[in-house]
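**Student:** If you're matching them up, the sequences are chains A and B in order.
Count the first sequence with this note's numbering and you get residues 1 to 115, in order.
Count the second sequence with this note's numbering and you get residues 1001 to 1557, in order.
Hint data in this document are derived by calculation from the structure and do not stem from the laboratory.
Don't take every hint at face value.
Unchecked claim - Quick partial rundown of chain A residues pointing at chain B, CB under 7 Å, derived from the structure:
| # | residue |
| --- | --- |
| 1 | Val36 |
| 2 | Thr78 |
| 3 | Val79 |
| 4 | Asp80 |
Unchecked claim - Each pair of labels, with its calculated beta carbon distance range:
| # | chain 1 | residue 1 | chain 2 | residue 2 | range |
| --- | --- | --- | --- | --- | --- |
| 5 | B | Tyr1024 | A | Glu37 | 19 to 27 Å |
| 6 | B | Ile1053 | A | Val53 | 22 to 30 Å |
| 7 | B | Ile1053 | A | Arg49 | 18 to 26 Å |
| 8 | A | Ile83 | B | Gln1297 | 49 to 57 Å |
| 9 | B | Ser1034 | A | Asn108 | 28 to 36 Å |
| 10 | B | Leu1083 | A | Val36 | 21 to 29 Å |
| 11 | A | Lys75 | B | Arg1217 | 21 to 29 Å |
| 12 | B | Leu1083 | A | Glu37 | 25 to 33 Å |
| 13 | B | His1248 | A | Lys75 | 42 to 50 Å |
| 14 | A | Lys70 | B | Ser1037 | 43 to 51 Å |
| 15 | B | Ser1257 | A | Lys70 | 49 to 57 Å |
| 16 | A | Val69 | B | Ser1443 | 32 to 40 Å |
Stated by the list, open to error - Listing some non-contacts, in silico: residues in chain A with all C-beta distances to chain B over 12 Å:
| # | residue |
| --- | --- |
| 17 | Leu27 |
| 18 | Asn32 |
| 19 | Val33 |
| 20 | Met45 |
| 21 | Gly56 |
| 22 | Asp59 |
| 23 | Glu60 |
| 24 | Arg62 |
| 25 | Lys70 |
| 26 | Asp96 |
| 27 | Arg105 |
| 28 | Phe109 |
| 29 | Ile110 |
| 30 | Val111 |
| 31 | Ser112 |
| 32 | Ala114 |
All C-beta atoms in this analysis are idealised placements derived from N, C-alpha and C, irrespective of residue type, glycine included.
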Amino acid sequence: MKHSVNRPPTPDEDDAAEGFEKDELTLREIINVKLVESGEKENLMELVRDRLVECGWKDEMRIACREHVKKKGRKDVTVDELIRVITPKGRASVPDSVKAELLNRIQNFIVSAAL
Amino acid sequence: MSARISFLKNPDPCNHLSGYKLRYGTDGYKSFQSLFSCFNDGRIKIKLREIEIPRCSYCSVYQKRLYICLFCRSISCSSHILLHTQLNKGHDIAIDVERSELYCCACIDQVYDPEFDEIVVSKQLVGLGMSVKSGADVVAVRSNKKRRLDSQLIIGSKFLVSPRDRREKWSFPLGLRGLNNLGSTCFMNAVLQALVHAPPLRNFWLSGQHNRDLCPRRTMGLLCLPCDLDVIFAAMFSGDRTPYSPAHLLHSWWQHSTNLATYEQQDSHEFFISLLDRIHENEGKSKCLYQDHEECQCITHKAFSGLLRSDVTCTTCGSTSTTYDPFIDISLTLDSANGFSPADCRKNRYNGGPSVNATMPTLSGCLDFFTRSEKLGPDQKLNCQSCGEKRESSKQMSIRRLPLLLCLHVKRFEHSLTRKTSRKIDSYLQYPFRLNMSPYLSSSIIGKRFGNRMFAFDGEGEYDSSSSSPPSAEFEIFAVVTHSGMLESGHYVTYLRLKGLWYKCDDSWINEVEEEVVRGCECYMLFYAQEKVIQKAHKELSYQVISMAEAFPFANC
Chain A
1 MKHSVNRPPT PDEDDAAEGF EKDELTLREI INVKLVESGE KENLMELVRD
51 RLVECGWKDE MRIACREHVK KKGRKDVTVD ELIRVITPKG RASVPDSVKA
101 ELLNRIQNFI VSAAL
Chain B
1001 MSARISFLKN PDPCNHLSGY KLRYGTDGYK SFQSLFSCFN DGRIKIKLRE
1051 IEIPRCSYCS VYQKRLYICL FCRSISCSSH ILLHTQLNKG HDIAIDVERS
1101 ELYCCACIDQ VYDPEFDEIV VSKQLVGLGM SVKSGADVVA VRSNKKRRLD
1151 SQLIIGSKFL VSPRDRREKW SFPLGLRGLN NLGSTCFMNA VLQALVHAPP
1201 LRNFWLSGQH NRDLCPRRTM GLLCLPCDLD VIFAAMFSGD RTPYSPAHLL
1251 HSWWQHSTNL ATYEQQDSHE FFISLLDRIH ENEGKSKCLY QDHEECQCIT
1301 HKAFSGLLRS DVTCTTCGST STTYDPFIDI SLTLDSANGF SPADCRKNRY
1351 NGGPSVNATM PTLSGCLDFF TRSEKLGPDQ KLNCQSCGEK RESSKQMSIR
1401 RLPLLLCLHV KRFEHSLTRK TSRKIDSYLQ YPFRLNMSPY LSSSIIGKRF
1451 GNRMFAFDGE GEYDSSSSSP PSAEFEIFAV VTHSGMLESG HYVTYLRLKG
1501 LWYKCDDSWI NEVEEEVVRG CECYMLFYAQ EKVIQKAHKE LSYQVISMAE
1551 AFPFANC
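So that you can see chain A by itself, here it is in the shape it has in the complex:
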């Protein structure tokens, strides 16, 4: 695994990368590995997806994408551009309840994995 010295700029892509100490980043990675290994990551992903659909977040995003495409014109928009533009809106509009539930689940997992 290469660790690139020149980290790519990711202002809107990944808020986790910014402002984190190297130690905490490594911890994050460890947690992630544990989540993946146990299969809990997939469960969490499915949970998040279900919740975001239920609360209408997905539909809101679809509408936001359509509006952007309508504004720019169908031929001028790329998928990358849509991701770049919509991601900040998306992250900002995730309901707190979803965030809370997810944090709770991860906490429980860490506790149970540590035992």
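Given chain A, put chain B in place with the hints provided.
**Tutor:** Same frame as chain A, now just chain B:
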């Protein structure tokens, strides 16, 4: 959604994807099949190794959108995928690891290929214990347009998007399908191709306005040609590209016209008229307000019916009698095209009129000839009301009301009763793709005759006088039926114009052709539609074209 069918669309493949497909076909896709991993919610990811977390080979992130290169299987994040393509020439196409979707690194955008989707989905179906057929039959259920909704697969409580829907996303002209020749039946195939792609007719049948399952005549066991056409429309627009055999229609038509029930070559125009007539009979009887064709609301008349005006003038006293007759099509004489016979040319010169250049017969020449003031012979004296006796007269035709669809038939088959011979007139006729019919309207013809006079021509040119849109005389061509060869042993071929592109429909074989080919062909029947009809059709049918080689692998190229 109502009975209208929604057509999904698909962007063209970019050059890089097309280039990749040409060189590698679907082998690259298939090599990834073992890596596709399916999930309950219908998503498919790429898993290299069971537990491994995919990371960008340039920056090691795993949180971003990752792409795996089709060529070298190296993984790059969205920030570095362009770098990967720059460092490795030709490594243009990659797959989104999370979603199993194609991405073109050179275009920096997502691209689409139904063949890729097929391979991905087949893995999905296999994983769920469904049997998968190869090629285009990914879905076991092939339903007609009416049962379209039922063809979704239901697994547990979740719906899988029917792979048939994915095929709908493929970009090629909808409804384009070859017709098998059942024994000198090209005359029928040619007309069917033109009618299937006539927007008002297509909409009528595809929206279920004559549903063979609900037809009263059929339930009584009677013959019903509109029902046979319902089957044909369903088959043509089913998405199936293998050539279709319109055997039912042929059989039904034979039963109606027993004298023509042979395997001999028939006249395409004759078939066209008789078919429309049968449709009117079956459809119109229930919908006609009056027996008068002018008021008939059957699809034949709604689409093709116009009104001709005939003015007969007594040459002695000048009084004119006017009559109106409906028409379904206009047959044009080719012989004295350009509006003047050789005799007229000479006469014009003597009278100081412009000498006519009779080099190239044109459609406008034929239409001019059709609407000319014709001196009726001495044996055709008509009773003049004001003179009180039979007088010589002249007759002039003009168009009082234009139809939605204008069929112009070029009389190439000449049957001489005196000499008891028939011959075919092969001369080339020049015709436009865009036709303005205003010069042939009654207002223009009669106006020209009498100079600046005020004539009332209410509702002229309009099909529906109650509609608010102004009458339009602008027509655009959508189909050309050509005849090549001799009288007895010829061949009919239809050229269709779909969204600006021309397609040659030669029985089972469909090819895209250049405009010049169509312009240079020997036209026999020209199908024009009012420009608003064409414009509306463009909006309704959204599709784009991919290479014909991919859509018609069996085509005779």
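**Student:** In this structure, is the beta-carbon distance linking Ile1053(B) and Arg49(A) contained in 18 to 26 Å?
**Tutor:** The hint (18 to 26 Å, Cβ to Cβ) holds, given that Ile1053(B) and Arg49(A) are roughly 19 Å apart.
**Student:** Taking the CB of Leu1083(B) and the CB of Glu37(A), does the distance hold inside 25 to 33 Å?
**Tutor:** holds (30 Å)
**Student:** For Met45(A), is the shortest beta carbon distance to chain B beyond 12 Å?
**Tutor:** The claim breaks: Met45(A) does not keep its Cβ more than 12 Å from every Cβ of chain B (closest is about 9 Å).
**Student:** Would you say the C-beta atoms of Ser1034(B) and Asn108(A) sit inside 28 to 36 Å of each other?
**Tutor:** holds (35 Å)
**Student:** Checking a non-interface call: every C-beta of chain B should be farther than 12 Å from the C-beta of Phe109(A). Is that right?
**Tutor:** holds (16 Å)
**Student:** Just to be sure I understand the hint, the distance between the Cβ atoms of Lys75(A) and Arg1217(B) should be within 21 to 29 Å; is that true here?
**Tutor:** Violated, since Lys75(A) and Arg1217(B) (Cβ atoms, about 49 Å apart) do not stay within the stated range.
**Student:** Far enough from chain B: is every CB of that chain over 12 Å from the CB of Arg105(A)?
**Tutor:** About 18 Å separates Arg105(A) from the closest Cβ of chain B, which puts it past 12 Å; holds.
**Student:** Lying within 49 to 57 Å: is that true of the beta-carbon distance Ser1257(B) to Lys70(A)?
**Tutor:** Between Ser1257(B) and Lys70(A), where Cβ atoms are some 54 Å apart, the hint holds.
**Student:** Within 43 to 51 Å: is that where the Cβ-Cβ distance between Lys70(A) and Ser1037(B) falls?
**Tutor:** Hint violated: Cβ distance 35 Å, outside 43 to 51 Å.
**Student:** Far enough from chain B: is every CB of that chain over 12 Å from the CB of Val111(A)?
**Tutor:** holds (22 Å)
**Student:** Mind verifying the non-interface call on Asp96(A)? Its CB should be farther than 12 Å from each CB in chain B.
**Tutor:** holds (22 Å)
**Student:** Grab the minimum beta-carbon distance between Ile110(A) and chain B and tell me whether it stays above 12 Å.
**Tutor:** The assertion about Ile110(A) holds, with a minimum of 18 Å to chain B.
Of the hints listed earlier, those the structure fails to meet are numbers 5, 11, 14, 16, 18, 19, 20, in rising order.
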